[in-house]
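2 protein chains.
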Amino acid sequence: MPEKSQTNLDESTDAVRQDVLSAARGAREAAEQFAAATRETKDALLAAMADALSRRAGEILDANEFDLTAGRESGMSEAMLDRLKLTESRVTEVASGLRTVAGLPDPVGETVRGNVLPNGLELRQVRVPLGVVGIVYEGRPNVTVDAAGLTLKSGNAVLLRGSSSAARSNAALVSILRDVLVESGFSPELVTLLPCTERSSVRHLVTARGLVDLVIPRGGAGLISTVVEQATVPVIETGVGNCHVYVDRAADTDKARQVVINAKTRRVSVCNAAETLLVHREAAETLLPDLARELSGAGVTLHTDERAAEAIGDAAPVTPATREDWDTEYLSMDLAVAVVDSPEAAMDHISRHGTGHTEAIVSEDVSAVRRFTTRVNAAAVVVNASTAFTDGGQFGMGAEIGISTQKLHARGPMALPELTTTKWLVWGDGHTRPR
Amino acid sequence: MPEKSQTNLDESTDAVRQDVLSAARGAREAAEQFAAATRETKDALLAAMADALSRRAGEILDANEFDLTAGRESGMSEAMLDRLKLTESRVTEVASGLRTVAGLPDPVGETVRGNVLPNGLELRQVRVPLGVVGIVYEGRPNVTVDAAGLTLKSGNAVLLRGSSSAARSNAALVSILRDVLVESGFSPELVTLLPCTERSSVRHLVTARGLVDLVIPRGGAGLISTVVEQATVPVIETGVGNCHVYVDRAADTDKARQVVINAKTRRVSVCNAAETLLVHREAAETLLPDLARELSGAGVTLHTDERAAEAIGDAAPVTPATREDWDTEYLSMDLAVAVVDSPEAAMDHISRHGTGHTEAIVSEDVSAVRRFTTRVNAAAVVVNASTAFTDGGQFGMGAEIGISTQKLHARGPMALPELTTTKWLVWGDGHTRPR
Chain A
1 MPEKSQTNLD ESTDAVRQDV LSAARGAREA AEQFAAATRE TKDALLAAMA DALSRRAGEI
61 LDANEFDLTA GRESGMSEAM LDRLKLTESR VTEVASGLRT VAGLPDPVGE TVRGNVLPNG
121 LELRQVRVPL GVVGIVYEGR PNVTVDAAGL TLKSGNAVLL RGSSSAARSN AALVSILRDV
181 LVESGFSPEL VTLLPCTERS SVRHLVTARG LVDLVIPRGG AGLISTVVEQ ATVPVIETGV
241 GNCHVYVDRA ADTDKARQVV INAKTRRVSV CNAAETLLVH REAAETLLPD LARELSGAGV
301 TLHTDERAAE AIGDAAPVTP ATREDWDTEY LSMDLAVAVV DSPEAAMDHI SRHGTGHTEA
361 IVSEDVSAVR RFTTRVNAAA VVVNASTAFT DGGQFGMGAE IGISTQKLHA RGPMALPELT
421 TTKWLVWGDG HTRPR
Chain B
1 MPEKSQTNLD ESTDAVRQDV LSAARGAREA AEQFAAATRE TKDALLAAMA DALSRRAGEI
61 LDANEFDLTA GRESGMSEAM LDRLKLTESR VTEVASGLRT VAGLPDPVGE TVRGNVLPNG
121 LELRQVRVPL GVVGIVYEGR PNVTVDAAGL TLKSGNAVLL RGSSSAARSN AALVSILRDV
181 LVESGFSPEL VTLLPCTERS SVRHLVTARG LVDLVIPRGG AGLISTVVEQ ATVPVIETGV
241 GNCHVYVDRA ADTDKARQVV INAKTRRVSV CNAAETLLVH REAAETLLPD LARELSGAGV
301 TLHTDERAAE AIGDAAPVTP ATREDWDTEY LSMDLAVAVV DSPEAAMDHI SRHGTGHTEA
361 IVSEDVSAVR RFTTRVNAAA VVVNASTAFT DGGQFGMGAE IGISTQKLHA RGPMALPELT
421 TTKWLVWGDG HTRPR
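Residue numbers (full-length UniProt numbering), protein chains in the order written: chain A, 1 to 435; chain B, 1 to 435.
Certain hints may be false.
Said to hold, decoys possible - Okay, the calculated bits of chain A under chain B, using three or more residues with CB under 8 Å as the criterion:
(1) 251-258
(2) 374-384
(3) 396-408
(4) 418-427
I should point out that these hints are in silico values taken from the structure, not numbers from a laboratory. All residues carry an ideal CB built from backbone N, CA and C; glycine is no exception.
So that you can see chain A by itself, here it is in the shape it has in the complex (with noise of 0.2 Å):
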């Protein structure tokens, strides 16, 4: 089938896509090998993994130290440079990662329904590997890591394509595990770290249909919406989450400020955190004075509605906010506040500002949370709890590749089973189809 974003073509971005190509046809073949592999052979394979990493870690270490003098010469901020550094202890935790994700159950092979029919055929849909996975990140060198033992855990082959920061670690990390897989007798195409100097080798993976069989891009906004409107291949859009807290008029003070200052302040970088306060009119003067104090002494600044600002009057400093606060995934110590009449406005207000992340209320009313929990449309909606526990882990998942913010396939934290796709399997005894 023709592929969308063929035009202006030269040729370097032709031999990045060439060397896409053919590892997106390496994988295909080391997958379909792979597909039939053991949850005894795959678990062996991550423990080994595991040891490579904690064995070899200083080479990883080398190979990271290089990334962050080439980061801190461009420039790079030091919280980026954070996010890049590796450490013994964050190599450990990484390999430790990879034995936790070997103890999850193989979603491999688990029969979802089934049953016999009227005419005596046997129906079994079971889970099967997708085939070959893609994912597109930026940032932290973990992820390389992590993705291979979700995707190689359920049974898939994986592609990844990481940032040029982090070329030297992933690089590093990438190889070691292609010496296990080596060691192991697998094919060590079912890992392959793709070009990331060149910008086109993503849209030379999110094309690639025939071959690459689900692209998942991990990041910001920016990132997303690249790799969204470039693919030809099915994509899973993660984690922009522009998640609120409406306090509701029947709200207990207590629960709202616990919950408002977790879901807020707890960590400011990730996609569950609070957003946006909605606080119901009824609940504004009890509620506001106090936790727009609590806020702001943890070092939050509020973008404040004008009725907001009145109820908080001089119990801590307010900035009015724009209409583009509404829609803004601040990942950051900011926090957008207004005040409204009812339930209905406030998921008038979620349904027109909301990414369909996680939303949450505040209510000891069970009319006004059953309305809430019904219309409200996003992959988690909370009652009486923080906007924080829409992850993976939290769920028990036990791992997470992403949390989904679409509707197909998966909706919310995406772990092994999600990675999967299904079969039927159909046993007869020479059954025939009557006209």
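Starting from the structure of chain A, add chain B where the hints point.
Only chain B this time, still in chain A's reference frame:
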């Protein structure tokens, strides 16, 4: 998010675009309200639609007569005219299809999984409607009503893009459905027929990101690839089936004969019909002469490789297979036939030429069957039964909106649950997440 396909808009297509986007916006708004409709309400709606279709059959047949006349004048084939033709009894069938769907369980609200987390949070993943579903289809006007019934039952709004040859019939049907929506107190925008005379309306539908949640193309390979290539909204590919039957060395000859005859000749125009027969070399001489005679007698043209031709000998006329035959979904009384050396050779052939729809093995050898069911990667893998069973009705789903040949979200026959997504409901009591 910008759209991919906005080049070369001329004025007429711009008007079409406005029509499509305005229908999509109306559908989205209507879908938001409709998502919470109870099963009772939805079943009553479908029953009222069925009644109205029967009551107003005259209008439908008049409109259909207009399409038929236009078709005859433009030189449409008898087969095409027959697919387009509605009769009193076909209208009754369509209405009774709606009643069947009304009788099926409502997928919305079903708890897919749920548990209580160690910290006491209650977690439930429940099915909710997708929102707005687009269907692009050809030929038969009954698809208009079938698709509307399934999408409404699963709580969605539907945008229908039928073929221009059925324009009047589809308009009559949709007008009746919309009248019933209004009489039942629902928005008529839950069911909208898009302009069908302009090709560009498909493009505008499949690029309406943020308004349309899913597009399902139903039709031939050309229609499907047009949709997939242009789409920026999620698409589920359906129906291209280059299905194989592999008859193993250890096959029971009678079962093999029954299965092959049924898979090829039951109905040739459907996607689950067999297009290629692969026979183990040790079964070729016993099986092929009689089977070829029977197939040929039923009107099937055999496209054979050299070894198959040799095994068939004088038993039936054959024509040498070209390279294209192995990749052709005939949808006609044609069958490609090859002799292979082993189950593995059959699987290699299927891996190269299959479309991931339905692949069958006929064998009494447990090991060969196990290898085949494990390695063959398709929506359905069938043992000792006809490929014709891959069908929502046959699988006991009560209905079918298409057969997905892709791996994400749904694979194989799609019915009501496949027209939903899920959301996580998280209930706490002031729960916060530790740092």
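Taking the hints in turn, this is what the structure says about them:
no.	hint	result
1	251-258	holds (count 4)
2	374-384	holds (count 10)
3	396-408	holds (count 4)
4	418-427	holds (count 7)
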